[in-house]
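Asker: Protein chains in written order, with the numbering used here: chain R, 48 to 450; chain B, 595 to 831.
Hints are not guaranteed to be accurate.
[What the hints assert, rightly or not] Covered stretches of chain B (in silico footprint by chain R; criterion: 3 or more residues with CB under 8 Å from a CB of chain R, positions within the stretch not fixed):
(1) 645–657
(2) 681–688
(3) 700–708
(4) 722–730
[Said to hold, decoys possible] To list a few chain B residues with every Cβ distance to chain R over 10 Å, as calculated:
(5) Asp612
(6) Ser738
(7) Arg749
(8) Asp761
(9) Leu776
The set of hints was computed from the structure by calculation and includes no laboratory data. Built from N, CA and C at the ideal position, the CB exists for glycine as well.
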Amino acid sequence: MSESPKRQHVSMGLLLFLAWKALGENRLSLVLLLLAVAIGVGFQIPNRANLAGFRDEIMRQEVSSGLGHVRVRPRQGERFADVAVMMAHIAHLPSVKAVEPILVLPGAIKKGGQLVIVGVTGVNASAREHPYERTAGVDLTPADDHGTLLGERLAKKLGATVGDEINLQVLLSTRPRLVLDDEGVGNYTLTVRGLVGFAALDSVFVNWGFLASETGDNQSASALLVWARNDDVRVARQIATTVEHDFPDTTALSWLDDSRYLRSIVGAVQALESIAGGMSLFGVIIPVLSLLYIDALHRRRQVSLLSAIGFREREIFFIFFAKALIVGIVGVLLGAAVGWGVLGYFDLHPIYNYEKFVIRPAITFTNMLFPMLLVLATTALAGSLPAWQAARVNPSDTLRRIE
Amino acid sequence: MSSGPVLVADGLVRRRGDRAVIAGASLTLESGDSIAIMGPSGCGKTTLLHLLGVLDRPSAGTVLVEGVDPWRTGRDARAALRLRRIGFVFQQNNLMPFLSARDNVSLPAWRLRGDRREALAQADVLLARFGLGPRSSAPGGELSLGEAQRVAVARALVNRPALILADEPTGSLDSAATEAVLDSFDEIVRDGTTLLVATHDPRVASRMRRIIRMRDGLIGLEPIPPADRMDRLATPL
């Protein structure tokens, strides 16, 4: 009486056929199930993409076009006297894309009757990466000792634009001579070459070589900014650890550890992602679980008939589980289409667009696929309880009832 | 497959709470037997059928199907036994309403052999044999009660089982439909399949070779000569 191995191997086609046919029996339930899943995915995709877009924009402004992924500062004192050796060493570390010096000095800028206290930052004009993004005019060139870049908000405050001349006073020496005199103050007339935005809206940039030579130390820098090959904070932390190990007189911090602002933003985005994702999942799991549970209750007699025919418990489980999978796959694909459409809308009409800070959805393979897989897994999970319940039906008890 | 009795039940007891629904039933079914189980409602006919069909586990006693005690095997083996050797026909709601008559009949064969085309071909033969060819594509939920019962009989037969258990198969049918189902039972018996029918209906019992009377979970075998059947069966127990 034993079955041959071939016959013990159940036809998956049969189980899927039964699942598919049973699903089609109640169109309203099917539509509601598909809607629950599709809406879950359809909301989750743009939500995740917009949050990722927000994080990307913050990263671009504060890191890529800001102070880089790792910030290296002297452990004591305000400046490195000579950064040439350290720069060359860090530039050759794995995962490092660029390393650039900055020299920051206090100063004041004047145009017409307007005087504004500012931080004056010397940057390497020939560098690949800069702690700003130029929004108008041209970049500084290495030999340009008479040019400057102004933050957009500062320029607006001064009424300055590209091509204008401004007067810049820089406090060249802060220590050990704290008492100001004319020798400690540089006074320059510079031409505005360009305007810069993002985190540098209120800053003034000049050539690092020019500013350093004015202080008397041609290779001095307040900090070295290191750009990594990607935004992964683990990479930045690894670089920081290596730098501190190789140069014990320095402190090196990753972008996340250096900025409470960034840490708060990243934490907030992660929290919002979790909350919104959780809401979407509950929005899927409750209706799917309820409808499939009611369906399993409603079909106890059919399950008992299958059992009487000779279907095994795990096959009955699979029939009901397959229903959840079919609903999940079809619903997720529908939801992905909806999500894609909503992404397109938000790409054309960003949810936030103010003074160069534009949040566009990050339309990536991951941001599409992750919500799809998450909702599919949730649907499968929601379907497993009713499937288990169906598989546990006692056929004798059910079949003795006349329905 | 064993050449001995199709089924041997010995001292079957089935308790529900403190009550013994079946209180020591023994019987032997030989190949080709056709047996009616009669008795008042609640006497344990359905429970007995479920015990014999390996749908329910006896509280005591044994059931041997072709020499094998299914309760000494695993759940999968019992499911395989039902699939290959036992066919069921219940009083009503026998079919998957979302499947056509053809798909309903082919289901056990598809499950057993894994070949849908072959299973459908077998279903077509059986449906034609029971006069249901023109209704083969009708959904189970749209068949008349009589048609649905004949489809259920065809489904019970599709894997050529050794034993068919029918629980009040004509209980919801009119006379014409009852006659059609009984004709299909005659065909089953002619094929050498063992048929055990639980019924209230003397007409059904009269078509069986043996009758078992049940009362209070106990059974007594009562061979009735064909000539006497209708008169005797009409007498209350």
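Asker: Does each hint hold? Answer for all of them.
Answerer: Evaluation of the provided hints:
1. 645–657: It holds: at least three residues are needed, and the region 645–657 of chain B offers 3 whose Cβ sits within less than 8 Å of chain R.
2. 681–688: holds (count 6)
3. 700–708: holds (count 7)
4. 722–730: violated (count 0)
5. Asp612: Non-interface label stands for Asp612 of chain B: nearest chain R Cβ at 18 Å, farther than 10 Å.
6. Ser738: 18 Å, holds
7. Arg749: Nearest chain R Cβ is 8 Å from Arg749 of chain B, so the label is violated.
8. Asp761: 8 Å, violated
9. Leu776: Label holds. Min Cβ-Cβ 21 Å, cutoff 10 Å.
Hint check: violations occur at hints 4, 7, 8; the rest are consistent with the structure.
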